[in-house]
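Colleague: Using the sequences and the hints given, assemble the complete structure.
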Amino acid sequence: MKTINAAKGAAKVDAMGNSEDSRAVVSRGTRPRRNARRLCCRYAPHRLPSISCEVAHGPVSSIDRYSARTMDPVRSTTSRRAPSGPPRPGGSRQRARSLYSSRPAFSRHMDRVLKLFEGVQKSMDADAVHDLRVALRRCRAVAETLQEVDADRDWRALRRQSRSVFQSLGALRDIQILEEWVVKLTSEDDSVRHSCLDRLQERGAALRDKARQSMEDFDRQAWKRLGRKLSRRARLVRANGATAQCLALERFLDLLESHARAVPTETPGRWHELRIALKRFRYVVEHFLPAQYAVWEASIKQMQDLLGKLHDLYVVRAFVVRECEAAGTINDERQHCMIQYRERAHGPAGLLREWETGLPQGKRIGTVTAARLRTTAQALDPRFERTVHISRLALQLFDRVAGRREPVLREARTRLIFGTAARLQGIRPSNSRGSRQKGAYKILRGLPPPIGWTADEWETVACTVRYGRGPEPSPTDSTFAPLRPDRQHLVSVLAGVLRLARALQRSGGSSLEAAGRIDAGSDLRLEVAGLKDSRKIAGRLASAKHLLEVCLGTHVIIDPSWRPSAAARAI
0 MKTINAAKGA AKVDAMGNSE DSRAVVSRGT RPRRNARRLC CRYAPHRLPS
50 ISCEVAHGPV SSIDRYSART MDPVRSTTSR RAPSGPPRPG GSRQRARSLY
100 SSRPAFSRHM DRVLKLFEGV QKSMDADAVH DLRVALRRCR AVAETLQEVD
150 ADRDWRALRR QSRSVFQSLG ALRDIQILEE WVVKLTSEDD SVRHSCLDRL
200 QERGAALRDK ARQSMEDFDR QAWKRLGRKL SRRARLVRAN GATAQCLALE
250 RFLDLLESHA RAVPTETPGR WHELRIALKR FRYVVEHFLP AQYAVWEASI
300 KQMQDLLGKL HDLYVVRAFV VRECEAAGTI NDERQHCMIQ YRERAHGPAG
350 LLREWETGLP QGKRIGTVTA ARLRTTAQAL DPRFERTVHI SRLALQLFDR
400 VAGRREPVLR EARTRLIFGT AARLQGIRPS NSRGSRQKGA YKILRGLPPP
450 IGWTADEWET VACTVRYGRG PEPSPTDSTF APLRPDRQHL VSVLAGVLRL
500 ARALQRSGGS SLEAAGRIDA GSDLRLEVAG LKDSRKIAGR LASAKHLLEV
550 CLGTHVIIDP SWRPSAAARA I
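Residues in the sequence shown are numbered consecutively from 0, following numbering that gives the first Met the number 0.
Heads up, a few of these hints could be off.
What the hints assert, rightly or not - Below, in silico cross-link-like pairs of lysine-lysine (BS3-like), each with a Cα-Cα straight-line distance of 25 angstroms or less:
#1 228 x 441
#2 209 x 114
#3 362 x 183
#4 183 x 300
#5 308 x 278
#6 278 x 114
#7 300 x 278
#8 114 x 228
#9 209 x 121
#10 223 x 209
#11 223 x 121
As the list claims (entries may be wrong) - Quick list of the computed label-pair ranges, beta carbon to beta carbon:
#12 179 x 477: 53 to 59 angstroms
#13 186 x 265: 23 to 29 angstroms
#14 265 x 346: 46 to 52 angstroms
#15 207 x 259: 19 to 25 angstroms
#16 113 x 533: 57 to 63 angstroms
#17 384 x 207: 41 to 47 angstroms
Hints in this document: simulated from the structure, not taken from any laboratory.
Just so you know, these numbers come straight off a predicted model, no measurement behind them.
In this text, a Cβ means the ideal position worked out from N, Cα and C, and glycines have one as well.
Modeller: Below is the structure:
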């Protein structure tokens, strides 16, 4: 398997994904405008040691060129013209079909669960139970994936509400599979067949009663409400976009990790984990990359059927309690399935290589990873445009501080880390009454580190957001104390820059004026355009710059910029 390398400095993308996939802002708690184009993004952990993924380290100057584009609702409504001429025959039916096809895929999946739910209540045959479990697993897999991008509590509520039905139907499905394999692997006159079927029918009757009870407890109205709300939030991730590619890449890396653990062994548990990883990869590609799924559908289903057969055989073998002719047949079938999987997955023409070539590689990894972080900010920041303005000013201030040749800011990755923290500092949990910065810290700690990021780097982002406002970091804080001394100093400097940038933006500051070379031992003088002058603002800035002055060991002098405007200079 070839490695996936993201060349340093090659991708012209900032810490939050200001690339060609920028889209209109969708604030938390608001309904997205119709036809609005929006950026999507998300990110999952990378733990596979055999693949090296390096996020682009290059400059993030494009963050200063970002401007959120929103649609004009008046123009979009008045520009529509009524159709001229008599209506076409069957026009209403065609419009209904087009409306259904334009519905979000997640909404269709949620509705399909309710439709199949009625069929299972009437008859719990094997096909009906299987179809409902597949529909539930699809919704749960998409919710689990989007929960890592959008930390809204309703994604967790969806999985919690469907857990009981999903598990009870899963146990019943295992019994139905056992019955099929016992009939297939034993002869009619075999005493083992009759004894096994009798035990399975007795156990199946009890599991059917348990499944019916869980289905009666299932709240359909709550499921419909979740479907309406989450379908709007799911639109943040545009199909076939940069965020969608990042999600698929994350699931593919998880699949490779499970593959590397399972293939060298014959441990049933590891092969089962590989089967689950392949299912998650399939549903993510199916939902977020429909164009790519059309190419891979046959091969993914082929591998899933093979691993499913292997799992079924393990369940059957565990059920057979004594040595018999069927036990040897089961072991032979399991060995045959594992050999087939290894042959189809490995090699230059293997399916893993084929799937890898259709996912982001090289420079594109940094782009899609940044897009995923940007979508998280869009989903959870109710004042996203204001945060964008603060992040621009914060990066200018960071460059001014780094220009003093501060040792803690010399690393190329530090600016990327700070830019990410600046864009994520406005996120907050929905319906939260506590501290905003603490809520944002908990959200970031709950998200997996982006591809190519270390745990320390992601912890630095979370701590910078945590101390970007509110009380300054203290050695006695439970969040700050466990950090290493060098990491504590870095977090303090970055949080100090962010605190000052927030205060400058709140005081009317729009940008920093260019400055010449600054000596490391001199005071840090800032000329801020648009800064207002009042006692209240002076006190606010004095409080905001305190942490930065302590960390740098120097004074920060802030002056309003009195540079005349372009119109005044022309006179």
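Colleague: Against this structure, judge whether each hint is valid.
Modeller: Hints versus structure:
1. Of the pairs offered as hints, the one joining residue 228 and residue 441 holds, with about 23 angstroms between alpha carbons and a cut-off of 25 angstroms not exceeded.
2. A threshold of 25 angstroms between alpha carbons decides the hint, and for residue 209 with residue 114 the separation of about 21 angstroms falls inside it, so the pair holds.
3. Of the pairs offered as hints, the one joining residue 362 and residue 183 is violated, with about 51 angstroms between alpha carbons and a cut-off of 25 angstroms exceeded.
4. With a CA separation close to 22 angstroms, the supplied pair residue 183 and residue 300 stays within the 25 angstroms bound.
5. Between residue 308 and residue 278 the CA atoms are separated by roughly 14 angstroms; this keeps the pair inside 25 angstroms, and the hint holds.
6. The suggested pairing of residue 278 with residue 114 holds, with an alpha-carbon distance near 22 angstroms, which does not exceed 25 angstroms.
7. For the proposed pair residue 300 and residue 278, the alpha carbon gap of about 9 angstroms is at most 25 angstroms, so the pair holds.
8. Restraint check for residue 114 and residue 228: the C-alpha separation of about 19 angstroms stays at or below 25 angstroms, so the hint holds.
9. Using a Cα cut-off of 25 angstroms, the hinted pair residue 209 and residue 121 holds, with the two alpha carbons roughly 15 angstroms apart.
10. A C-alpha spacing of about 24 angstroms is found between residue 223 and residue 209, which places the hinted pair at or below 25 angstroms, so the restraint holds.
11. For the suggested pair residue 223 and residue 121, the alpha carbons sit about 21 angstroms apart, so the restraint of at most 25 angstroms is met.
12. Under the hint 53 to 59 angstroms, the C-beta atoms of residue 179 and residue 477, about 54 angstroms apart, fit the expected range.
13. Restraint check, residue 186 to residue 265: a C-beta distance of roughly 28 angstroms satisfies the suggested window 23 to 29 angstroms.
14. Between residue 265 and residue 346 the Cβ separation comes to about 21 angstroms, which falls outside the hinted range of 46 to 52 angstroms.
15. The supplied range of 19 to 25 angstroms is broken by residue 207 and residue 259, whose beta-carbon atoms lie about 39 angstroms from each other.
16. A beta carbon spacing of about 59 angstroms between residue 113 and residue 533 agrees with the range 57 to 63 angstroms that was offered as a hint.
17. A beta carbon spacing of about 54 angstroms between residue 384 and residue 207 contradicts the range 41 to 47 angstroms that was offered as a hint.
Hints 3, 14, 15, 17 from the earlier list are contradicted by this structure; the remaining hints agree with it.
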